[in-house]
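A.B. asks: One letter stands for each residue in the lines below.
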Amino acid sequence: MRNIIAITTKELKSFFVSPIAYVVLMLFLVVTGYLFYIGIVEFQLTYRRFQTIAQIYKNPQILENLNVNAIIIERFLVNILFVLLFLMPAIMMRSFAEEKRNGTEELLMTAPITVNQIIAGKFLGSFIFVLALILPTIVYQVLLFSFSTPELGPVVTGYLAILGFACIGISVGMFASSLTQNQIIAMVITFVCMFMFFIIGMISPGEETVLGKVVSYVSIYQHTKDPLRGLIDTKDIVYFASLSLLFIFLTKQSVESVRWR
Amino acid sequence: MLEVKDLLKRYGDRTVLHHLNFSVEKGEVVGFLGPNGAGKTTTMRILTGFLPPTSGEVHIAGYDLQSKPIEVKRRIGYLPEQPPLYMDMTVKGYLRFISKLKGIRGDSLADRIDWAMQKCGLQEVQKRVIANLSKGFRQRVGLAQAILNEPELLILDEPTVGLDPRQIREIRSLIKELAGEHTVILSTHILSEVSMTCEKVMIINEGRLIKQGNIEEVTAGRSLEEVFIGLISQDETNVQ
Ligand SMILES: Nc1ncnc2c1ncn2[C@@H]1O[C@H](COP(=O)(O)OP(=O)(O)O)[C@@H](O)[C@H]1O
Ligand SMILES: [Mg+2]
Numbered sequence: 001m002r003n004i005i006a007i008t009t010k011e012l013k014s015f016f017v018s019p020i021a022y023v024v025l026m027l028f029l030v031v032t033g034y035l036f037y038i039g040i041v042e043f044q045l046t047y048r049r050f051q052t053i054a055q056i057y058k059n060p061q062i063l064e065n066l067n068v069n070a071i072i073i074e075r076f077l078v079n080i081l082f083v084l085l086f087l088m089p090a091i092m093m094r095s096f097a098e099e100k101r102n103g104t105e106e107l108l109m110t111a112p113i114t115v116n117q118i119i120a121g122k123f124l125g126s127f128i129f130v131l132a133l134i135l136p137t138i139v140y141q142v143l144l145f146s147f148s149t150p151e152l153g154p155v156v157t158g159y160l161a162i163l164g165f166a167c168i169g170i171s172v173g174m175f176a177s178s179l180t181q182n183q184i185i186a187m188v189i190t191f192v193c194m195f196m197f198f199i200i201g202m203i204s205p206g207e208e209t210v211l212g213k214v215v216s217y218v219s220i221y222q223h224t225k226d227p228l229r230g231l232i233d234t235k236d237i238v239y240f241a242s243l244s245l246l247f248i249f250l251t252k253q254s255v256e257s258v259r260w261r
Numbered sequence: 262m263l264e265v266k267d268l269l270k271r272y273g274d275r276t277v278l279h280h281l282n283f284s285v286e287k288g289e290v291v292g293f294l295g296p297n298g299a300g301k302t303t304t305m306r307i308l309t310g311f312l313p314p315t316s317g318e319v320h321i322a323g324y325d326l327q328s329k330p331i332e333v334k335r336r337i338g339y340l341p342e343q344p345p346l347y348m349d350m351t352v353k354g355y356l357r358f359i360s361k362l363k364g365i366r367g368d369s370l371a372d373r374i375d376w377a378m379q380k381c382g383l384q385e386v387q388k389r390v391i392a393n394l395s396k397g398f399r400q401r402v403g404l405a406q407a408i409l410n411e412p413e414l415l416i417l418d419e420p421t422v423g424l425d426p427r428q429i430r431e432i433r434s435l436i437k438e439l440a441g442e443h444t445v446i447l448s449t450h451i452l453s454e455v456s457m458t459c460e461k462v463m464i465i466n467e468g469r470l471i472k473q474g475n476i477e478e479v480t481a482g483r484s485l486e487e488v489f490i491g492l493i494s495q496d497e498t499n500v501q
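Taken in sequence, the protein lines are chains A and B. Letter 66 of the first sequence, counting from 1, is numbered 66 in this note's numbering, and no numbers are missing. Position in the second sequence (from 1) plus 261 gives the number in this note's numbering.
Simulated from the structure, these hints should not be mistaken for laboratory data. Careful: at least some of the hints might be erroneous.
Claimed, not checked - Derived DEER-like restraints, expressed as beta-carbon distance ranges:
#	chain 1	residue 1	chain 2	residue 2	range
1	B	390	A	199	38 to 44 Å
2	A	152	B	328	52 to 58 Å
3	B	422	A	217	49 to 55 Å
4	B	328	A	17	37 to 43 Å
5	B	273	A	214	34 to 40 Å
Backbone N, C-alpha and C define an ideal beta-carbon position, used for all residues, glycine too.
Just chain A, same shape as in the assembly (with noise of 0.2 Å):
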């Protein structure tokens, strides 16, 4: 645990004093609380319409259909998540990269550790840094529980899919990390990867089919649709644990596969 911990700390210290971390962290405030700004507009217009509407019809119930669940937080759970798709492969590209471009692999791998222990580590340091880039947005949901009374339960169910999904895009750049030295390669591969995962699921060939079925596994829309809304199911959790277990399998391999060459 020590050694994870070793690693944890090493890989963090590395994110913050690298200026992408800064960069990556800017522009997820700036777009998230643009997103967010933009979803009380739209939100306030509607609910203009629907004054206007309900004067007409002199029924003042149909104000009581606007949902600011639906309206304002799901949409920006689905923005958070679009920012991550793009985000996490910055984040994700040094990773195992650099060590291999510094030489440095050399050192943990001669060090008295386990790779199994080297991925745990480099694993709980990004996610720390993830939590640490999603957690200020909780700020914007205060916000609308003190002007309006949202449910509680899709902000959470919510928030815990966005943490499926960056455990997908943690271990899929992990992955894509320890193929090559080149951080640009990384972040492409993680990039196409996360985003074949995403767009998956839009053009599915129909649930019938075998195919259909497994695309619609893998989909990570799929998956988070639900929770969005408040509906957690052991079937998402099991996809978010499946999928970041299966990278971190291959991120073993590869990593002790450049060896057996």
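Let chain A serve as the given structure and place chain B with the ligands on it in line with the hints.
C.D. replies: Chain B with the ligands only, in chain A's frame:
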């Protein structure tokens, strides 16, 4: 201390180490001498557990490398050909990280780091970021990293390559100093390095050990250079 039996390494279908057999006794300083591409780095990477051998056995400090890699790794210090540094860390921060990796903790941590920095003459630069250090200082940081855990066996891959003459002199005297306390294997393609720092020499060419023994035995009154060139050209005619 170190025993290598029938070590063979292939990359694809190219054999780069042919059945190496050698042993190193406790306290010896051994020069691993050979031209570029002879297989020095490959051998050292196998000894440190970075690369697996295709076949053969390695025993270090009484442990079998294959079945007890962590026990072996605890007992060695390794300076790879390219010093494995994190450029964005300070010297002290780097050594602290390595100490943790090597399982040095608690009260002894600060002592060990101070000791290694003092040995390698790093005190004045301990707060500097590694990226801003000269090549000579970087090599010393690499050495400090290798000796942090007071390894029983120190493995140094071309420790003076790329340094200027003054830095080379400093690193050599540092190695000599360390030699008193550790068993050392250092690789080099520079003949004078061996005669200056080592008691024993192993000469490797194209993946074959062609001579090993005490320097006096091997040279037998001639200069090491004569012996080396003689052996290598003889070896090449043999192969052809
Ligand atoms: N990863 C690799 N794949 C294929 N061949 C390699 C690899 N690494 C080294 N070699 C070859 O093995 C031989 C020995 O290399 P090396 O151990 O680096 O020699 P030295 O350190 O003595 O200069 C060289 O011919 C080199 O080209
Ligand atoms: Mg070499």
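A.B. asks: Now look at each hint and say whether the structure bears it out.
C.D. replies: Hint check:
1. B:390 with A:199: 38 to 44 Å: 43 Å, holds
2. A:152 with B:328: 52 to 58 Å: Because 54 Å falls inside the window, the suggested range holds.
3. B:422 with A:217: 49 to 55 Å: 53 Å, holds
4. B:328 with A:17: 37 to 43 Å: 39 Å, holds
5. B:273 with A:214: 34 to 40 Å: Holds, since residue 273 (chain B) and residue 214 (chain A) (Cβ atoms, about 35 Å apart) stay within the stated range.
Of the numbered hints listed earlier, not one is contradicted by the structure.
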